[in-house]
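Each chain, letter by letter, is given below.
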Amino acid sequence: MVGMITFTLVYIGPGDPAAIIAGDEATPEILEQIRADLGFDRPFPVQMGDWFWKLLHGDLGTSYFSRREITELITPRLQPTLSLGFQVVVLSTIIGITTGMLAAWKAGSRLDRNLMVLAVLGFATPGFWLAFLTIWIFAVNLGWFPVIGYSPIQDGLFAHIHSLFLPVMVNSILASAFISRITRSAMLEVLREDYIRTARAKGASELSVFLRHAFRPSAIPVATVIGASIAGLATGFVLTETIFAIPGLGRMLVDAIVRRDYPIIQALLMVVAIVLIGVNLIVDILYAYIDPRIRY
Amino acid sequence: MAVISDSSNEWELAPPFSTRLKGMFGSTYRAAKRDLVLAAAISVLLVGLFLAVFAPTLARTDYERTDPVNRMLAPNSHNWFGTDNWGRDVFDRTIVGTRMSFLVGFSVTLISTVLGVGIALVISYFRILDAVMMRFVDGFLAFPTILLALALISLIGPSVGNVIIALSVTATAGKIRLVRGAVLSLRESTYVEAAKAVGVPIPRILLLHILPNIVGIIIVQATFTLASAILAEASLSFLGAGVPEYVPSWGNIIATGQGYIQVGFHISFFPGLFLTTTVLAVVLIGDSVRDHLDPRLRGRLKTTAAQQ
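Quick mapping for you: the protein sequence lines, in order, are chains A and B.
Residue numbers are given in our numbering: position 110 of the first sequence equals residue 110, and the series is strictly consecutive.
Residue numbers are given in our numbering: position 114 of the second sequence equals residue 410, and the series is strictly consecutive.
To be clear, the hints were calculated from the coordinates, so they are not data collected in a lab.
Small disclaimer: the values here were computed from a predicted structure and weren't measured.
Glycine included, each C-beta is placed from N, C-alpha and C at the ideal position.
Mixed in with the good hints there might be a few duds.
Here are the simulated distance ranges between beta carbons [claimed, not checked]:
no.: 1; chain 1: A; residue 1: Ile282; chain 2: B; residue 2: Leu480; range: 50 to 60 Å
no.: 2; chain 1: A; residue 1: Arg200; chain 2: B; residue 2: Tyr556; range: 50 to 60 Å
no.: 3; chain 1: A; residue 1: Phe86; chain 2: B; residue 2: Leu354; range: 23 to 33 Å
no.: 4; chain 1: A; residue 1: Pro152; chain 2: B; residue 2: Pro352; range: 42 to 52 Å
no.: 5; chain 1: B; residue 1: Thr486; chain 2: A; residue 2: Ala288; range: 44 to 54 Å
no.: 6; chain 1: A; residue 1: Asp194; chain 2: B; residue 2: Pro499; range: 41 to 51 Å
no.: 7; chain 1: A; residue 1: Glu206; chain 2: B; residue 2: Leu503; range: 43 to 53 Å
no.: 8; chain 1: A; residue 1: Gly149; chain 2: B; residue 2: Leu480; range: 21 to 31 Å
no.: 9; chain 1: B; residue 1: Pro499; chain 2: A; residue 2: Glu206; range: 54 to 64 Å
no.: 10; chain 1: A; residue 1: Asp291; chain 2: B; residue 2: Val428; range: 26 to 36 Å
no.: 11; chain 1: A; residue 1: Ile274; chain 2: B; residue 2: Pro540; range: 32 to 42 Å
no.: 12; chain 1: B; residue 1: Gly453; chain 2: A; residue 2: Asp194; range: 57 to 67 Å
no.: 13; chain 1: B; residue 1: Val333; chain 2: A; residue 2: Asp194; range: 31 to 41 Å
Now the stretches of chain A that chain B is said to cover, found in silico as 3 or more residues with beta-carbon under 8 Å [what the hints assert, rightly or not]:
no.: 14; stretch: 78-90
no.: 15; stretch: 209-217
no.: 16; stretch: 253-259
Here's a subset of chain B near chain A, in silico, CB distances under 7 Å, partners left out [stated by the list, open to error]:
no.: 17; residue: Leu446
no.: 18; residue: Ala447
no.: 19; residue: Tyr487
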């Protein structure tokens with residue numbers, strides 16, 4: 001279904017890539033030739049069937065422009081995006097859960113209110129503008145980080161993390177705002193349960209009540225929101241990679257859209273959808289781990 | 297059959313839409329008098345609406361005319377927010393940009409709410425239609441909003457109308473899922489069963505018994521759609537896939553300033569501040585409407601809004 005939507009969307013578009021490839025001075029004969037080369041003269045179901053068949057064999061198609069295999073084009077782009085994604089997910093989970101639990105611990109206090117104000121701000125702040133502000137403060141004025149640019153892991157781990165520091169921070173802060181908010185409300189809900197009162201009554205310390213009795217039951221909505229925030233990251237990366245000039249998949253998508261390189265747009269949307277479906281699956285499996293009563 | 301279900305019976309089952317809505321606005325007004333944050337948020341939104349309508353007449357310069365002599369000026373007494381790389385006044389472009397954000401935000405919210413609620417109500421009573429429609433909805437929701445909108449716009453071309461269409465498609469899919477879930481659970485409730493038992497026709501049940509009871513969810517969800525649509529329009533315009541470059545929009549102006557970060561910080565800073573403030577105001581209003589309608593929901597609906 002996801003594949004059908006992707007393919008149909010891209011197919012029905014009025015833009016003609018053949019005209020773009022051929023340039024301004026192309027004759028109609030050349031256009032026809034290019035269309036035939038790319039298989040545009042075949043009927044729609046044949047094109048779609050062909051695309052699906054290749055997809056099942058791990059073939060994402062060929063770029064209209066460079067005429068190279070898309071799988072080949074994607075490979076060098078994976079590292080920056082995956083590294084960014086990994087760092088953001090780890091960092092935002094840590095920040096989100098810690099601040100959420102702190103807020104729940106001191107519910108109603110000034111700390112709680114301030115943290116929640118920050119969480120609302122995190123929702124309202126556009127990532128690309130926050131990225132702009134951090135570049136201006138930390139790269140342009142303080143000179144702690146390069147303004148743009150990316151060094152791969154091969155250049156050394158430190159240089160790699162250093163070059164990704166700002167984008168990681170921007171995305172983590174925004175993603176952790178949600179996680180924090182959900183952690184707080186889930187914790188507060190669980191803390192009202194009878195067994196928490198029992199745990200307190202038997203003399204368990206407040207810390208142990210929090211970490212051992214209350215955290216696990218409240219982890220289910222938290223896992224859900226972490227999964228959802230990964231979907232948000234896919235969008236965030238398109239913007240962040242554009243601003244920070246990171247040669248990742250997000251940047252590749254924007255470039256492909258500008259050039260109307262449809263096979264790449266299709267392939268990348270498919271990859272994103274598959275990754276997100278995978279994330280949902282992992283979250284579902286985590287549910288069973290968090291709460292043994294859930295069985296599949 | 298319809299004879300039995302005269303209107304006086306229905307009034308007891310569910311108060312009509314208009315009464316509830318009026319009560320809601322009246323109490324929002326009273327809540328705003330007590331709550332300064334809410335009052336501030338509402339004022340910000342009203343100022344924004346005012347600017348969206350009147351900004352072109354308020355602008356003191358021709359915000360589309362280039363003026364190379366005065367390019368890249370820092371904020372000063374004449375150009376409050378400075379000028380951009382073509383010498384255009386950033387303050388004027390920013391207030392005119394309000395119009396684009398509000399136009400896209402409110403259109404997407406209105407279209408997706410009307411379509412989403414309509415479709416959800418209809419399909420919830422036709423099993424086959426429901427199954428087919430929900431597969432489409434799931435398919436659309438498998439992609440993050442902005443990516444899908446980007447792909448759509450790359451096909452149909454960047455224009456204001458197309459941005460609204462692209463964003464409405466995904467927002468509608470989200471609404472269908474939310475409202476359908478609510479309708480399905482209400483369908484099992486005793487008062488709907490009672491209405492069915494006395495022979496109220498299904499369209500009437502949907503409109504008079506079920507709809508009034510999900511108005512709260514719909515309104516709260518609408519505020520989050522508004523916030524996300526304003527952010528999405530700015531993001532798309534920032535990437536160059538939103539409204540065309542010559543139309544001032546907050547996203548466009550920020551994108552312009554991005555290239556001049558070393559010398560023209562002011563170009564991106566001010567429109568971003570407007571954008572953040574507006575979205576913040578909408579989110580805060582949504583939060584307090586939700587708390588007001590149902591204090592138990594604190595912190596929950598937000599997740600559904602975030603997922604879209």
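Against the structure, the hints:
Take Ile282/A and Leu480/B: their Cβ atoms lie about 28 Å apart, and the range 50 to 60 Å is violated. Between Arg200/A and Tyr556/B the beta carbons are some 58 Å apart, a value that agrees with the proposed interval 50 to 60 Å. Evaluation of the 23 to 33 Å hint for Phe86/A and Leu354/B yields a failure: the beta carbon distance comes to about 48 Å. Distance hint check for Pro152/A and Pro352/B: the Cβ-Cβ separation is about 48 Å, which falls inside the suggested range of 42 to 52 Å.
Judged by the Cβ atoms, the range 44 to 54 Å given for Thr486/B and Ala288/A is violated: they are separated by roughly 34 Å. Here the CB-CB span from Asp194/A to Pro499/B is close to 45 Å, well matched to the stated 41 to 51 Å. For Glu206/A and Leu503/B, the Cβ-Cβ distance of about 51 Å falls inside the hinted range of 43 to 53 Å, so the restraint holds. Checked against the hint of 21 to 31 Å, the C-beta distance between Gly149/A and Leu480/B comes to roughly 52 Å, which is inconsistent with it.
For the pair Pro499/B and Glu206/A, the beta carbons lie near 55 Å from each other, so the given range of 54 to 64 Å is met. Taken as a hint, the range 26 to 36 Å holds for the pair Asp291/A and Val428/B, whose Cβ atoms sit roughly 33 Å apart. In this structure, Ile274/A and Pro540/B meet the distance hint of 32 to 42 Å, their C-beta atoms being roughly 33 Å apart. Roughly 60 Å separates the CB atoms of Gly453/B and Asp194/A, a value that falls within the hinted 57 to 67 Å.
Our hint of 31 to 41 Å for Val333/B and Asp194/A holds, since their Cβ atoms are close to 35 Å apart. Note: the stretch 78-90 of chain A has 0 residues with beta-carbon separation from chain B under 8 Å; the three-residue rule is not met and the coverage is violated. Against chain B, the stretch 209-217 of chain A contributes 0 residues with a C-beta closer than 8 Å to a partner C-beta. That does not satisfy the three-residue criterion, and the hint is violated. Interface restraint, the stretch 253-259 of chain A with chain B: holds (4 residues with C-beta to C-beta distance below 8 Å; minimum three).
Given the 7 Å rule on beta carbons, the hint for Leu446/B holds: about 6 Å separates it from the nearest Cβ of chain A. Hint on Ala447/B holds. Least Cβ distance to chain A is approximately 6 Å, under the 7 Å limit. At a threshold of 7 Å, the smallest CB-CB gap from Tyr487/B to chain A is about 28 Å, leaving the interface hint violated.
Of the hints listed earlier, those the structure fails to meet are numbers 1, 3, 5, 8, 14, 15 and 19, in rising order.
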